[in-house]
Amino acid sequence: MAAYNRRMDTDAKLSQARPPVPRGFSRIAAVVLLFAAHAVHAADDPATPQVPDTIQQRVASCAACHGVHGEGSPKSGFFPRLAGKPAGYLARQLKDFQEGLRKYGPMEYTVRHLSPEYMQEIAEYFAQQQVPYSRSPVPRVSAATLQRGETLALKGDPARELPACASCHGAQLTGVQPHIPGLVGLPYDYLSSQLGSWRTKTRATVAPDCMAVVANRLSDSDISAVSAWLASHELPADLHAQPAGSVTPPLHCGVLGDGA
Amino acid sequence: MKRLRRWLLLVVVVAVLLGGWMLLRSGSAPVSREASRIDAATLKDPALIAKGEYLTTVGDCAACHTAQGGARYAGGRVTATPFGDIPAPNLTPDRETGLGDWSFEDFWQALHSGKGRHGELLYPAFTYTSYTKVSHDDALAIYAYLQSLAPVQQTTGPLGLEFPYNVRASLNAWRALYFKEGVYQADTSKSESWNRGAYLVQGLGHCNECHITRDALGGMRSDQPLSGGQIPVQNWYAPDLSTQANGGLEGWSEQDIVDLLKTGHSGKGTAFGPMAEVVARSTQHMQENDLRAIATYLQSLPARSATPPQELPFDTKTLVSQGTKVYAQQCASCHGKNGQGVAGVYPPLDGNSSVNEPTGINAIRVVLLGGFPPVTAGNPRPYSMPPFAQSLSDNDVASVVSYIRQAWSNKAPPVRADDVGKYRHTPID
Numbered sequence: 001m002a003a004y005n006r007r008m009d010t011d012a013k014l015s016q017a018r019p020p021v022p023r024g025f026s027r028i029a030a031v032v033l034l035f036a037a038h039a040v041h042a043a044d045d046p047a048t049p050q051v052p053d054t055i056q057q058r059v060a061s062c063a064a065c066h067g068v069h070g071e072g073s074p075k076s077g078f079f080p081r082l083a084g085k086p087a088g089y090l091a092r093q094l095k096d097f098q099e100g101l102r103k104y105g106p107m108e109y110t111v112r113h114l115s116p117e118y119m120q121e122i123a124e125y126f127a128q129q130q131v132p133y134s135r136s137p138v139p140r141v142s143a144a145t146l147q148r149g150e151t152l153a154l155k156g157d158p159a160r161e162l163p164a165c166a167s168c169h170g171a172q173l174t175g176v177q178p179h180i181p182g183l184v185g186l187p188y189d190y191l192s193s194q195l196g197s198w199r200t201k202t203r204a205t206v207a208p209d210c211m212a213v214v215a216n217r218l219s220d221s222d223i224s225a226v227s228a229w230l231a232s233h234e235l236p237a238d239l240h241a242q243p244a245g246s247v248t249p250p251l252h253c254g255v256l257g258d259g260a
Numbered sequence: 001m002k003r004l005r006r007w008l009l010l011v012v013v014v015a016v017l018l019g020g021w022m023l024l025r026s027g028s029a030p031v032s033r034e035a036s037r038i039d040a041a042t043l044k045d046p047a048l049i050a051k052g053e054y055l056t057t058v059g060d061c062a063a064c065h066t067a068q069g070g071a072r073y074a075g076g077r078v079t080a081t082p083f084g085d086i087p088a089p090n091l092t093p094d095r096e097t098g099l100g101d102w103s104f105e106d107f108w109q110a111l112h113s114g115k116g117r118h119g120e121l122l123y124p125a126f127t128y129t130s131y132t133k134v135s136h137d138d139a140l141a142i143y144a145y146l147q148s149l150a151p152v153q154q155t156t157g158p159l160g161l162e163f164p165y166n167v168r169a170s171l172n173a174w175r176a177l178y179f180k181e182g183v184y185q186a187d188t189s190k191s192e193s194w195n196r197g198a199y200l201v202q203g204l205g206h207c208n209e210c211h212i213t214r215d216a217l218g219g220m221r222s223d224q225p226l227s228g229g230q231i232p233v234q235n236w237y238a239p240d241l242s243t244q245a246n247g248g249l250e251g252w253s254e255q256d257i258v259d260l261l262k263t264g265h266s267g268k269g270t271a272f273g274p275m276a277e278v279v280a281r282s283t284q285h286m287q288e289n290d291l292r293a294i295a296t297y298l299q300s301l302p303a304r305s306a307t308p309p310q311e312l313p314f315d316t317k318t319l320v321s322q323g324t325k326v327y328a329q330q331c332a333s334c335h336g337k338n339g340q341g342v343a344g345v346y347p348p349l350d351g352n353s354s355v356n357e358p359t360g361i362n363a364i365r366v367v368l369l370g371g372f373p374p375v376t377a378g379n380p381r382p383y384s385m386p387p388f389a390q391s392l393s394d395n396d397v398a399s400v401v402s403y404i405r406q407a408w409s410n411k412a413p414p415v416r417a418d419d420v421g422k423y424r425h426t427p428i429d
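Protein sequences, first through last, are from chains A and B. Okay, so the first sequence: first residue is 1 according to our numbering, each after it adds one. Okay, so the second sequence: first residue is 1 according to our numbering, each after it adds one.
The hints are simulated quantities; they were obtained by calculation from the structure and are not laboratory data. Model, not experiment: these values are computed from the prediction. All C-beta atoms, glycine included, are put in the ideal place defined by N, C-alpha and C. Accuracy of the hints is not assured; some may be wrong.
What the hints assert, rightly or not - Covered by chain A, per the in silico footprint, the following chain B stretches (three or more residues, Cβ under 8 Å):
{"id": "1", "segment": "328-335"}
{"id": "2", "segment": "341-355"}
{"id": "3", "segment": "386-399"}
Looking at chain A on its own, in the form it has when it is part of the complex (with noise of 0.2 Å):
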């Protein structure tokens, strides 16, 4: 509200300050004075709402779910995380689910209309967040199935040309800018959902679909292993994405730009 009144003042000196002014221009400065002084009138009234010009005030219909520093919701598991995650990529799932690459009804409605350009603002908003991760409760999972879990995620498993998890998202699993997300500390629901998403196409992005080809490699119990092991693993001191470059990805990835 603040720097709306005082963008309105800015007019209406601008227009005061360019002699000689014409007759219908003063005439606009004038309505603008009066609009100016109105708004001002306006945020003396206890009843109209203050309302900050920040990127936070404009982004609650995302605060709902994902919290206002996009911390998700840990308990549930259902609402992701986002805060933190690369901006690339957190503007990449914007427009996957604009263009129905990502299905889910909610997500698509509310960033049906959205610029480029202001998706890629309400990205680096979250992906500069710093909130702390909160653990979420994990299947009880035998030895056995975590171990194989720790495998998939460090080394992958050559046999079913499964690349691990580390020689994409980084070798602290923290992901790497701009676009490769960390998987540490994400919820086991979250994980093995999304996953499962890419098997039953309601999850894709752009072709080549790298991600698409590894979920579809991966068996049920590989799911539940890598997604038990990730969302239990012990978090690394260093939360933050490495740096852009610092991995050679095994396979072609289109939101990568790889589409060879």
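Since the structure of chain A is already known, use the hints to place chain B on it.
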């Protein structure tokens, strides 16, 4: 239901016979592009193509003829109707799957008469009921623009219509009831701007296709154009557009209308749902004088009769008093405790046409879905509204919607928790 089917069967039989007879009589075979009266050089005129591009935007052809994430004008979006699903065809000049072989005569026959290249009757999901008013010159410009696009090979999916609606000849009966063919005729007693507005609103803008109540056969009640109605299947309420007494936009100034169409919001309300789509893709790109013309015309729509207060079959006092609390907790921090909103940021709810529309659908669904107003040049970083579907029960939503529909100067009937439950699960596209 059985009786209705039998009745429809009779309609179909009569229509097939009538249709066959008419087809034999008229025999509208396709006109080859070589035989067209429009020569190829005319279609290459950059001024004509530019005009066509503008008019195609005004008509918002891309809304239906572009799939989500798909190539522009290559078709594929499915319009869900109470009679089944109708996919929009490919308008790019691909010879096999688009309009590559269509002459202007074929195009005109579709737009003006609602008939395909071979004289087959088109389903009015393609709203030729409005487009018939488009002038020959404007249609030519649109055709020239579409033909200038890069061809995209994309086959249109099959019609998802059940018997008897899949019998095209049955449309003869429908057309006899609801379709009046004819280009817009200017009313010389009115200003040029009024006529331009009427032409755009009734024709290319096809506003009346949503802003009207439809009957059981999907026909428009023609006696009161633009008087508002529920959009079938999509389940949004397109409000009455009269700005006069008891009108849906009562008290809207010319500037309010222009602002909403240009920027997605005005001092009186904000576009959301299907109208957000219209603003984002179409009206924000319209020329100022065309927007003013539309406003001039809408302001001339007549006053409406007042709706008598209804006796409500359920207890509203508890509901409304509960809604007062929900409003104070969830809504007042943005919309103000007096429902006045914040100028340029959050819409007022007092006197808001979408709060007060007869069904309550819009308010229910906006509370459930929240969302962003359309991003436009005039509002590039809009403030959004949180969705409440995940945090408020059906009863809470019903109570707060009932409260805002009765608070301040609003006098709309309350809604029930059952209604909220129903719209909670309405598909979003």
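Taking the hints in turn, this is what the structure says about them:
Here's how the segment 328-335 of chain B fares: 4 of its residues keep a CB closer than 8 Å to some CB of chain A, so the rule of at least three is met and the hint holds. Requiring three or more residues with a Cβ within less than 8 Å of a Cβ of chain A, the coverage given for the segment 341-355 of chain B holds, as 5 such residues are present. Counting residues of the segment 386-399 of chain B whose CB lies closer than 8 Å to any CB of chain A gives 6, which reaches the minimum of 3, so the coverage claim holds.
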